[in-house]
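Asker: Each chain is listed here by its residues.
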Amino acid sequence: MNFRNTCRACSSLFRIRMAEGLQYRVSAISGTVVGVFWALLECVLFTVFYTYSENGSWNNNGLSLPQTISYVWLAQGLFVLQSMSIDSEIMGKINNGDVGIELCRPMNLYTHWFVKSSAGKLGTSWIRSLATVLAGLLMPVGYALGGPASLTALFCFILSVVMAFVLCSAFAMLVTAIRLNITWGDGPTYMLLLVSGILSGTYLPLRLWPDFMQTFLYLQPFGGFADIPVQLYIGSMAPTAALPGIGLQLIWSLLFIAAGRLIMKRKLNSIIVQGG
Amino acid sequence: MIAEGKIYFKYLRMHLLSGMEYKGWWLMLIQVLIVVVSDPIATVLLFSRFGNIGEWTVAHIILVYSLAVASFGLAESLCRGFDYFPWHLLRSGDFDRLLLRPRSLFVQVAASRFHLHRLVRPVTGICAAGWALGELGIPLTPGRLGILAMALAGGCLMYCGVFVLTSGLAFFTIKGLDWIYLLTNASYQITRCPEPYMPRALKSVFSFVLPMLFISFYPAATVCGWKYPQWLGFLSLPAGAVFLGLSLLVWRIGVRHYKSTGS
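First to last, the protein sequences are chains P and G.
Mapping of the first sequence onto numbering that gives the first Met the number 0: position 242 corresponds to residue 241, and the numbering continues sequentially without gaps.
Mapping of the second sequence onto numbering that gives the first Met the number 0: position 182 corresponds to residue 181, and the numbering continues sequentially without gaps.
Extracted from the complex, chain P is given alone in its bound form (with noise of 0.2 Å):
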């Protein structure tokens, strides 16, 4: 099967998952429901702290209060590429055996799940990740998101968010090859996607953890999956360092990539097909 003929194959896989998605656009709503109450009960523990606690006006952070209250925001939507679990239909597949007929396509695994993977994640979410950007731009002053720090800013957070999808892609395949081995169960590609969870910076902004682990939480891949874009716009984060992120951004997906597809591969050659 010739190059051409696999982006073809790979765009309707993509539109075909991508309208899939768009039909449960009750499923949308209700996700931006919850995106949008989390991110409140976020930013009024923010505000308690910064307005409440012994150190809260002593500022030795590099977050405002203004400035972490529109990380939450965009955190939550950028939540949404993040995979919580293995995408449903291939968990599926690999449970019950199907593994098998998807090898007799003349297409190479990896690139036909990563699409359909992708496809997936981004089929209803860009709905809910915009509906949770417009409602923290539309909250009461004090629980609002903020504008970017500058238009380079901005130009900067757009590139990066593209660069954070195909990251987050990258790593759920990696956890998905990981989890083809059926023997071992659900443990250990949850804990993988529970670190990756945490470190993204969605529990919590990066900036707000200790100072000795900066860093590390900077050199980290899953920084890349939100934090990164985010301190971006926010300007915690200057453009000039914009060309490094996005440059980690980068290399963590080429290696997830490559880490990937070897894992799988060598599955491959020695799977048991689970089921009938």
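Fair warning: there could be bad hints in the mix.
Examples of chain P residues toward chain G, derived with CB under 7 Å [stated by the list, open to error]:
no.: 1; residue: Y51
no.: 2; residue: I197
no.: 3; residue: W208
Derived pair list, reagent style PhoX-like, types lysine-lysine, alpha-carbon separation capped at 25 Å [said to hold, decoys possible]:
no.: 4; chain 1: P; residue 1: K92; chain 2: P; residue 2: K115
no.: 5; chain 1: P; residue 1: K264; chain 2: P; residue 2: K92
no.: 6; chain 1: G; residue 1: K22; chain 2: P; residue 2: K266
no.: 7; chain 1: P; residue 1: K92; chain 2: G; residue 2: K22
no.: 8; chain 1: P; residue 1: K266; chain 2: P; residue 2: K115
no.: 9; chain 1: G; residue 1: K22; chain 2: P; residue 2: K264
no.: 10; chain 1: P; residue 1: K115; chain 2: P; residue 2: K264
no.: 11; chain 1: G; residue 1: K202; chain 2: G; residue 2: K226
no.: 12; chain 1: G; residue 1: K22; chain 2: G; residue 2: K9
No lab work stands behind these hints, which were simulated from the structure alone.
Quick reminder that beta carbons are idealized off the backbone N, C-alpha and C, glycines included.
Fit chain G to the supplied structure of chain P, relying on the hints for placement.
Answerer: Just chain G, lined up with the frame of chain P:
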């Protein structure tokens, strides 16, 4: 009643054994432990960054929070089936099979799933509450223990109610239940905010719509003698029971309304 109880535990045993067939089943224990430990980590880090809020220290927050988490975990362990119900029984049409069996529907659904690793959450929650009480210098008397046990039981009932409510509503919506997340995993996050600083709207939602504060904050306040009416701490059990009762009503209506889906 006894027969139903027997079936319930038989189911649990079956799920336990089948879960242990996976080589990495013990990894799930670690996984939940990481979830449980990492959940409040944001709060702890915030306290280390910002210092105390008035008289509120980490121990105060952890006490209230752990009560909520432990009762959530208990309900999750005992009523797991309801949590999965909309996805695994309803949409696939497997629910039809349960309807054919001459046994209590509630027991069958509740026990349709059981994961040993879910028990990690209540266990760590209770340990954390113990640590917080030690940190606050509150000796455990039988009376206080009673209040805490009642808080846990009430919380467990309330969260069972949440799961049952989800399932009941799932009869009408089939998909698009993400918002239920607000009532489960998101709901106990509210206890991370010190109660006196909580906005009034949040406070009333989480005491009258979902009696969150009654099962976590008020018992803690009564046990530790914070400046709140003592009797509020005893309301956890009735509050949880009322919530469960209302949910069961919704579930009843749902079952009657049920038309098969799937194949």
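Asker: Run the distance test for K202 of chain G versus K226 of chain G: straight-line Cα separation, threshold 25 Å.
Answerer: Within the cut-off at roughly 17 Å; holds.
Asker: With a cut-off of 7 Å on the beta carbons, see whether Y51 of chain P makes it to chain G.
Answerer: It holds, given that the least Cβ distance between Y51 of chain P and chain G is near 5 Å, below 7 Å.
Asker: Can the restraint linking K92 of chain P and K22 of chain G be considered satisfied, given a maximum Cα separation of 25 Å?
Answerer: holds (20 Å)
Asker: Holds or violated: K266 of chain P with K115 of chain P, Cα cutoff 25 Å?
Answerer: holds (20 Å)
Asker: Minimum Cβ distance from I197 of chain P to chain G below 7 Å?
Answerer: holds (5 Å)
Asker: Tell me if the straight-line CA distance from K92 of chain P to K115 of chain P falls inside 25 Å.
Answerer: holds (13 Å)
Asker: When you check the alpha-carbon spacing of K22 of chain G and K9 of chain G, does it fall within 25 Å?
Answerer: Distance of about 23 Å is within 25 Å: holds.
Asker: Please verify whether K22 of chain G and K264 of chain P have alpha carbons no more than 25 Å apart.
Answerer: Holds, because 22 Å separates the two Cα atoms, which is no more than 25 Å.
Asker: If you draw a straight line from the CA of K115 of chain P to the CA of K264 of chain P, is it 25 Å or shorter?
Answerer: holds (18 Å)
Asker: Holds or violated: are the alpha carbons of K264 of chain P and K92 of chain P at most 25 Å from each other?
Answerer: holds (17 Å)
Asker: Has the given pair, K22 of chain G with K266 of chain P, been kept, meaning a C-alpha gap of at most 25 Å?
Answerer: holds (17 Å)
Asker: So, as I understand it, the hint says W208 of chain P touches chain G; can you test that by seeing if any CB pair is closer than 7 Å?
Answerer: holds (6 Å)
Of the numbered hints given earlier, the model fails none.
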